Amino acid sequence: MKFSLIWLKDYLETTATVSEICDALNAIGLEVEGVEDPAEKLAGFRIAHVLTAARHPDADKLQVLTVDTGDGQPLQVVCGAPNARAGMKGVLGLPGATVPANGMVLRKSAIRGVESNGMMCSTRELELGDDHDGIIELPEDAPVGTSFADYNGSDPVIEVAVTPNRPDCMGVYGIARDLAAKGLGTLKPIAMPAFSAAGACPVEIRTDDPEGCPAFYGRVVKGVKNGPSPDWLQARLKSAGQRPISLLVDLTNFLMLGFGRPAHAYDLAKLSGAVVARRAKDGEQCQALNEKTYTLDAEMMVIADDKGVHDIAGIMGGEHSGVQDDTTDVLLEIAYFNPARIGATGRKLGLSSDARTRFERGVDPEFLDQGLDLLTGLIVELAGGTPSEVVRAGSPPIAPKVVAFDPGHTLRLGGVDVSETEQQRILESLGFTVAADWNVTCPPRRHDIEGPADLVEEVVRIHGLDKVASVALPRAEGVARPTATPQQKLERGLRRAAAASGLNEAVTWSFLPEWAANHFSDGNDTPWVLANPISEDMKAMRTALLPGLLMAAKRNADRGAASSRLFEIGRRYFRGQGGLSDERPTLGIVLAGEKTPRGWQGGKAKPFDAYDAKALALQLLEAAGAPVANLMVMGEAGSQFHPGQSATLRLGPKVVLARFGMVHPATLKAFDVDGPIAAVELFLDAIPAKKGAAFARPSFTPPALQAVTRDFAFLVPATLAAGDLVRSVQGADKASITGVRVFDVFAGQGVPEGHKSIAVEVTLQPGEASFKDADLKAISEKVVAAAAKLGGELR
Amino acid sequence: MTDITSRTEAALAAIGAATSLDALEAERLETLGKKGWVSLALKTLGGMSPEERTAAAPAIQSARAAIAEALDAKKAALEAAALEEQLARETVDLTLPAPAAPKGSVHPVSQVMDELAEIFADLGFAVATGPEIEDDWHNFTALNMDETHPARAMHDTFYFPDKTAEGKDVLLRTHTSPVQIRAMLAEGAPIRIIAPGRVYRSDSDATHTPMFHQVEGLVIDRDIHLGHLKWTLETFFKAFFEREDITLRLRPSYFPFTEPSVEVDVGYSNEGGRRVVGGHGDAPGHAWMELGGSGMVNARVLEFAGLDPTEWQGFAFGLGIDRIAMLKYGMNDLRAFFDGDGRWLAHYGFSPFDQPTLSAGVGARA
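Listed in order, the protein sequences are those of chains E and W. Using the numbering used here, you'd call the opening residue of the first sequence number 1 and step up by one each time. Using the numbering used here, you'd call the opening residue of the second sequence number 1001 and step up by one each time.
Worth flagging that the hints you see were computed from the coordinates, not collected in a lab. These numbers come from a predicted model, not from an experiment. Idealized CB from N, CA, C, for every residue including glycine. Keep in mind that the hints are not guaranteed to be accurate.
Label pairs and their calculated CB-CB ranges [claimed, not checked]:
| id | chain 1 | residue 1 | chain 2 | residue 2 | range |
| --- | --- | --- | --- | --- | --- |
| 1 | E | 674 | W | 1208 | 30 to 38 Å |
| 2 | E | 291 | W | 1273 | 32 to 40 Å |
| 3 | W | 1204 | E | 644 | 39 to 47 Å |
Where chain E lies over chain W, by a calculated footprint (3+ residues, C-beta under 8 Å) [unchecked claim]:
| id | segment |
| --- | --- |
| 4 | 1092-1102 |
| 5 | 1105-1117 |
| 6 | 1158-1165 |
| 7 | 1204-1216 |
Bound conformation, chain E alone (with noise of 0.2 Å):
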């Protein structure tokens, strides 16, 4: 909402500066946006006496001025214009000034090679109109040397965000209003140009809908001339934003932005028969003033009268029943439209207007009559005509709220002590009215106020938020008590272990382009996708967290990074119970690009394998607290995976806590990045939760006697995995044997075709006594005979 303070002054009388006026308004709640002082935007440019004008020797169109501004040196100006001529007075930019309609900086230059010391001005370069035809011509008595902006009389405009609450602050004059209560000034009375009417209303006027449509209002006046609007009226609505367009029309826009109140002028001679507020039929159409035609459902409230629709009512007047320059008999329209049926029509047609705004949120249901007495006066006033009586059909809601309030409430809420003699003053000069019983009766415009936390909010507005005291919140006795769920310490710690881990956490996007969310769904799970997406890539919510890291490696790559190591920690969206989703908690890793740069050491650059996936997805499953020892590895990670090289860790069959290995090259290519990649998915919620752990170590009871090794290699069949015969070995003396570890896997020269050789080292933890030779044999034994359960030979 843009006003000048001109403007505002029509309605406050203050001697407030605009700095003043401004802090007033961002301490009631009126949040200034900006100001924007012409007498700036001027700067440089000076009213100047032309004294000679002669033809430019190098150019038919333009002429070498001699100027005079005021400093007794004249300045040679170099002027295109066609109205230039000596003697007359204009407006002359001097070098350093801003040209405000381009933002030309001026300087001293010579135009085809004649020096030119400056811009004799258009209006449009100064923002001031749409005339470029010639250069400005002021008057004879204007003083020569003066700053334009002076001169033209600098009217600063204030924008103010009026929260969708105080439809009532739509208008000037509401802002007035808050600001006299604030101390700022005056209220003056609304200024009601006087007018005699005559004569019953000649159009019928109806409201078939009452719940749409509680107050229709009319009124014709005849014999009106239409025409430009007086400067003064102009220069108002062009400090709101508007655009002057004519008289009748400007003054519909000067009440609805001088008083939040819209209306409609109707050319008479378009109308035929009665005119009705009703309910659109279903497909009905309308051709808006926008010129977009609309169609229309039985949920929309229209103005039609015989012929058919010409207004969607409280949110855009038709195209073909509006007033002209032409137009000598209007039919003035005021009304009450209910706020939610307003709002559903704007939505559902996705139209938003000046007016569907006021009205949705709530134009004041007092000033109907008062609103068409002030558009007729000043109709008649300016535009000349004969106005009838007004027909009026139904009545707007007017019935007061009445608020039982405890002045202490503004304490106990508010924070703070305001007298109640102050709080009344504070609620009357809003407009309220305040019982000697603290009953107090709201003024029908304030559709905010609901209950007496509204009315704290009034006083405390009024009175200064800067009052409030800063009071601390009570504390609990001692030290604070530790707050956090075990699900986000297991979050917090596996972050910090990500990264310890040399990765770098990233975040990105919930939502995902569609073909990148359905290429990570299996089967069953159907992402999310939205129904009003903010572009095609941002979409599907994701299923998985690597889609949205593979792009980010992709990224990354395209960038010339070598490598890629990027984690992050989300939700994944599925759907869940009722329609409602299941956001499961996850860490995603993407290992791409080098593992290991070239060097000197190394010699050629390494490629991330599968088994830094299992490291990381193994390690930070330690750090989350899971059973690792007791974790299966098993297949199924996923079709997006190389078949070949992926695994998921199973907690148990079906509980599958990771998803790990190489990206499946299909899957590269979808995503357009070079691989290999190496990718990790802990599934958080599937880590079971630590139970019943205390601060104290079971007891350090390190074996009293020295572990020994024992070495083994197997010639087993070649598609044996390695871990089940570490399992079987394990398994073998389960007293004894504490560690298994695979040293060395061979295949090749020397191992028959279909095999391969695999060497463990058997950990012999001996117990009480040291083994002796017949125990280390028989343990042998009974290695040797495990892993001969799987084919596998002792070499």
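Starting from the known structure of chain E, fit chain W onto it as the hints suggest.
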């Protein structure tokens, strides 16, 4: 006798001249070896009479001692020289690069969330969470924004075509405020929580991204008022920015879920092209910057959340986490937060060991 003396001298000379351990060993065998002349001479002592032995023994013994000592000394010298030579051969060029360990980092958003948790834990706030895919009841209706409420339009909401089993619209939460409702419904009052997390609005320009992070704060008790809200935010910002000169300005505003509603501004100055929080916004060279919205929880919201507004009251606030992270740590482009650019993560990210603690200061200095 002379023979022993001269042979000893010759042996000592040979030992002294030995240039290798092999040569030295040969000389040892020549003298002290089983067949060496010193050993043989010593053996002759056994066949002598006591008198002869007393006469002959000292010369032989001293020859043996002298030679043994010389052998040991020479051996040590030769070994030392050999080691020195070996070490010289083993010299490496330590100006060559050592293998580099990759350096990981924690994202600024996570770091700041940890800082928030640490500071607010000291004030007795727990961390609450809720779903990001919400229904419109929790995101709007229970926060006093019914279907026709104009403020819903201010939220640029992302919707899904789906409906819940109860027929509610499904959307991406536009703020962390629905967690207030869930927390109050689950835990009742009194309650002190913060709720950090991702939120979504259909908005994208230099300072807005369609996904960003907010932290919600909620305190409900019997006698909480605006003064407590002001103190809590002041106290938080002082701890967060680790400066005592934080000055807040509360401005009346409007949020459907609070009444009264206040916008929170903080004073700052421009230093070296950066906004530095601190000082009074009206002081010379200073200005105010909006940090978030807050207010006293609307009585209707308390009712929706199952609390009796005649018994309970309190405040709520919402702050942009990305925004306060930028202010504290100097980032200037919000979009870069979500790009995963390794260079940016390395530059603005935090060491895993920068775990915020109250005793060390929650912030991590560059």
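Here's how the hints hold up against the structure:
Separated by about 33 Å at the C-beta atoms, residue 674 of chain E and residue 1208 of chain W satisfy the suggested range of 30 to 38 Å. Checked against the given bound of 32 to 40 Å, the beta carbons of residue 291 of chain E and residue 1273 of chain W, roughly 46 Å apart, lie outside it. For residue 1204 of chain W paired with residue 644 of chain E, a C-beta distance near 42 Å keeps the hint of 39 to 47 Å intact. Under a criterion of three residues with beta carbons nearer than 8 Å to beta carbons of chain E, the stated coverage of the segment 1092-1102 of chain W is upheld, 5 such residues being counted.
For the segment 1105-1117 of chain W, the assignment as covered by chain E holds, since 7 residues bring a beta-carbon within under 8 Å of that chain's beta-carbons and 3 suffice. With 8 residues having a Cβ less than 8 Å from any Cβ of chain E, the segment 1158-1165 of chain W passes the three-residue criterion, so the hint holds. With 3 residues having a Cβ less than 8 Å from any Cβ of chain E, the segment 1204-1216 of chain W passes the three-residue criterion, so the hint holds.
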